[in-house]
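Once you have looked at the hints, place chain U on chain R.
2 protein chains.
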Amino acid sequence: MKNNRICLAERPVGLPSAGTWSYQSVPVEPLKEGEILIKQHYISLDPAMRGWIRAGKSYIPPVEIGEVMRAGTVGEVIDVNNNSHFAVGDFVSGAGGVQEYTYTDGRGFYKINPKQAPLTTYLGALGMPGMTAYFGILEVGKIKSGDVVLVSGAAGAVGSLVGQIAKIKGCKVVGIAGGALKCKYVVEELGFDAAIDYKNENLMEGLKTHCPEGIDVYFDNVGGDILDAALLKLRMHSRVVICGAISQYNASAAMKGPSNYLSLLVNRATMQGMVVFDYADRYLEGMAQMGSWLADGSIKTREDVYEGLENFNNTLLRLFSGEKIGKLVLKVNKD
Amino acid sequence: MKNNRICLAERPVGLPSAGTWSYQSVPVEPLKEGEILIKQHYISLDPAMRGWIRAGKSYIPPVEIGEVMRAGTVGEVIDVNNNSHFAVGDFVSGAGGVQEYTYTDGRGFYKINPKQAPLTTYLGALGMPGMTAYFGILEVGKIKSGDVVLVSGAAGAVGSLVGQIAKIKGCKVVGIAGGALKCKYVVEELGFDAAIDYKNENLMEGLKTHCPEGIDVYFDNVGGDILDAALLKLRMHSRVVICGAISQYNASAAMKGPSNYLSLLVNRATMQGMVVFDYADRYLEGMAQMGSWLADGSIKTREDVYEGLENFNNTLLRLFSGEKIGKLVLKVNKD
Chain R
919 MKNNRICLAE
929 RPVGLPSAGT
939 WSYQSVPVEP
949 LKEGEILIKQ
959 HYISLDPAMR
969 GWIRAGKSYI
979 PPVEIGEVMR
989 AGTVGEVIDV
999 NNNSHFAVGD
1009 FVSGAGGVQE
1019 YTYTDGRGFY
1029 KINPKQAPLT
1039 TYLGALGMPG
1049 MTAYFGILEV
1059 GKIKSGDVVL
1069 VSGAAGAVGS
1079 LVGQIAKIKG
1089 CKVVGIAGGA
1099 LKCKYVVEEL
1109 GFDAAIDYKN
1119 ENLMEGLKTH
1129 CPEGIDVYFD
1139 NVGGDILDAA
1149 LLKLRMHSRV
1159 VICGAISQYN
1169 ASAAMKGPSN
1179 YLSLLVNRAT
1189 MQGMVVFDYA
1199 DRYLEGMAQM
1209 GSWLADGSIK
1219 TREDVYEGLE
1229 NFNNTLLRLF
1239 SGEKIGKLVL
1249 KVNKD
Chain U
919 MKNNRICLAE
929 RPVGLPSAGT
939 WSYQSVPVEP
949 LKEGEILIKQ
959 HYISLDPAMR
969 GWIRAGKSYI
979 PPVEIGEVMR
989 AGTVGEVIDV
999 NNNSHFAVGD
1009 FVSGAGGVQE
1019 YTYTDGRGFY
1029 KINPKQAPLT
1039 TYLGALGMPG
1049 MTAYFGILEV
1059 GKIKSGDVVL
1069 VSGAAGAVGS
1079 LVGQIAKIKG
1089 CKVVGIAGGA
1099 LKCKYVVEEL
1109 GFDAAIDYKN
1119 ENLMEGLKTH
1129 CPEGIDVYFD
1139 NVGGDILDAA
1149 LLKLRMHSRV
1159 VICGAISQYN
1169 ASAAMKGPSN
1179 YLSLLVNRAT
1189 MQGMVVFDYA
1199 DRYLEGMAQM
1209 GSWLADGSIK
1219 TREDVYEGLE
1229 NFNNTLLRLF
1239 SGEKIGKLVL
1249 KVNKD
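Protein chains in written order, with the working numbering: chain R, 919 to 1253; chain U, 919 to 1253.
In isolation and in its complexed conformation, chain R is listed as follows:
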């Protein structure tokens, strides 16, 4: 039995390319004492991946050259060598990496229930994007009923959930997304109050139209010019949640910082970074609440699933080109 896997071959400058990765097919080794073998079904593709392959200090160590690329996964336990926590047939999620089979002692993996939700949902609303949205908008954004909430990447895995949670909490929610299709999705399917198509509309005009009173919380997934525009619309004591900066991740020159950051001073506003791992001890709370909202239909999700490990790089690039909607997932094996 062979394990098809994708390792980091070189650190890219700018966008990752085929040459960034090495595609390997290696024998599946016998399990060591205490290990389990997981056959992965789905791999999560996330903007954070671009950060993980950059050298240098960040919130977790970078993936080193030659290592299997880090990725969130869902799969099925197909073999167990004396591990009391897992049994053959369990479905589990964790950082299984971009590969068909994962050996692990089980640390960092947790069981999921495929009857409660589709497997892919455990990479979205019931996985890291869901926890990021939940703790980000509630704990860092500190939303309260009546707040005006602006969300970038509004049709994305995190942004789409942020906006829906804010709606549940009684906020007015405006999304920013690229293209008419995504804007329609955000308003008509997800129930945002409005959406601004930054690719085809004037962003500042859109903000004037849809947030004439300014914004109380800006949840930023993109950085760059959109962050700068949002800063100009801050109200007093507003909060900016820095969750990501996808517009800047592939920059080969210096990052663009927010030129309008002194709006924080004028408006006594706060800009705060968040990393979901800090809320690990509350994931159960977050998953229970998200699960309940999914079950009663107050939160809707969409996963955009592509197939085949060999399509990893091309699929990953959809994150940066915007050619996907909702949570981007790679199905390991074609049907």
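Since the hints were derived computationally from the structure, they do not count as laboratory data.
One or more hints might be untrue.
Repeated chains share a single entry, so a pair holds when one copy, or any two copies, can fit it.
To be verified - With a cut-off of at most 25 Å between alpha-carbon atoms, the simulated DMTMM-like pairs for lysine to aspartate or glutamate come out as follows:
#1 K975 - E1131
#2 K975 - D1065
#3 K1126 - E1203
#4 K975 - E1123
#5 K1218 - E1241
#6 K1218 - E985
#7 K1174 - D1143
#8 K1085 - E1221
#9 K1126 - D1008
#10 K1060 - D1196
#11 K1218 - E1057
#12 K1085 - D1008
#13 K1117 - E1057
#14 K1085 - E1119
#15 K1252 - E1107
#16 K1090 - E1123
#17 K1174 - E1106
#18 K1033 - E928
#19 K1117 - E953
#20 K1174 - E1123
Quick look at chain U alone, frame taken from chain R:
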């Protein structure tokens, strides 16, 4: 009797120049019912002035063309027309403007005690810079004993006080200032643990040497490259207090935003703006504490006093060239 005053003639692009102002000499009018007449002794020169003459929304309305330039002042009441709050001979501070005489109904002015401290101290440690430092480092910076605190503009009116307050509270304090003289002042007279001369030293090397463990609080008065360098040294859950950005105030192109702002994300850090006016209801507390620290010698101050209303613009420019130390003050009349 004539009132010599300085009004805004045109909004400058870049640094203010002589042509930015109109120098006027107008008759002192009789007081209206309820008014007092103040003969100003000292005028406060502050970086914020550059913002006040910029058009557009900020934390207070801009000075309009033709209006007397806004400035903090200390002076003596020399005439009163039926105002029960003030008497001839009272010394008062408030926003008296860049002029020799101020008429006012007294709102926004408060009595000061020239026996407790020199008049100029009421424009420094016992005035707006003192309140900015006190509430900025304690309430926004949230310092606690053992924190590593970095302060830019360390020899300036606010920065010099921020560092001393942090020392009183048990922090390790590193200052950034321009020139050997200021760095010597900050360490030897004010008791900072170290100072980095950004004009003659490599800033990143200096930060490595003096803050090897990183920083818990960065109190920023300057913005630009220094803010960017400080962001790279943030520790987990650190705080960046945005008090000012003097390096950027005269920019005629777009402001330089902090390119390294994603350090906020990596380190779950907070960047928060502050405006001293928000603490107006606590000025008494702040003045009492600052007064006590001044009295027992745990806080030292220096005022850099220049003379003559006609030297207003040239003296103001010292704020931006850095040719001053401590609190910059203009004495209205030469001795």
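To see whether the hints hold, each was checked on the structure:
Taking the shortest alpha-carbon separations for K975 and E1131, only the inter-copy value of 14 Å comes in at or below 25 Å, while the best intra-copy value is 40 Å. For the homomeric pair K975 and D1065, the shortest alpha-carbon distance between copies (22 Å) is at most 25 Å, but the shortest distance inside one copy (36 Å) is not. When the C-alpha separation of K1126 and E1203 is checked against a cutoff of 25 Å, the pair qualifies neither within a copy, at 37 Å, nor between copies, at 41 Å. In this homomeric assembly, K975 and E1123 come within 25 Å of each other (Cα to Cα) only across copies, at 18 Å, whereas the closest approach inside a single copy is 39 Å.
Taking identical chains as interchangeable, the C-alpha atoms of K1218 and E1241 lie at most 25 Å apart only when both belong to the same chain, with a minimum of 20 Å there against 61 Å between chains. Taking the shortest Cα distances, K1218 and E985 never come within 25 Å of each other, neither inside one copy (36 Å) nor across copies (57 Å). Proximity of K1174 and D1143 under a CA criterion of 25 Å is satisfied in both settings, with 8 Å inside one chain copy and 13 Å between copies. For the identical chains of this complex, K1085 and E1221 are intra-copy neighbours only, at 21 Å inside a copy versus 54 Å across copies, given an alpha-carbon limit of 25 Å.
Taking the shortest alpha-carbon separations for K1126 and D1008, neither the intra-copy value of 51 Å nor the inter-copy value of 49 Å comes in at or below 25 Å. Proximity of K1060 to D1196 under the C-alpha cut-off of 25 Å is found in both arrangements, the shortest distances being 16 Å within a copy and 21 Å between copies. Taking the shortest Cα distances, K1218 and E1057 sit within 25 Å of each other inside one copy (22 Å), while across copies they are farther apart (41 Å). Taking the shortest Cα distances, K1085 and D1008 never come within 25 Å of each other, neither inside one copy (35 Å) nor across copies (57 Å).
Neither within a single protomer nor between protomers do K1117 and E1057 lie at most 25 Å apart by alpha-carbon distance, with minima of 31 Å and 41 Å respectively. In this assembly of identical chains, the alpha carbons of K1085 and E1119 lie at most 25 Å apart only when taken from the same copy (24 Å versus 52 Å across copies). Taking the shortest Cα distances, K1252 and E1107 never come within 25 Å of each other, neither inside one copy (29 Å) nor across copies (72 Å). With identical chains, the CA atoms of K1090 and E1123 are at most 25 Å apart within one copy only, with a shortest distance of 18 Å there and 47 Å across copies.
For the identical chains of this complex, K1174 and E1106 are neighbours neither inside a copy (33 Å) nor across copies (39 Å), given an alpha-carbon limit of 25 Å. In this assembly of identical chains, K1033 and E928 lie within 25 Å of each other by CA distance neither inside one copy nor across copies; the values are 40 Å within and 71 Å between. Within a single copy, K1117 and E953 get their C-alpha atoms no closer than 49 Å, and across copies no closer than 58 Å, so neither meets the 25 Å cut-off. Taking the shortest alpha-carbon separations for K1174 and E1123, both the intra-copy value of 22 Å and the inter-copy value of 24 Å come in at or below 25 Å.
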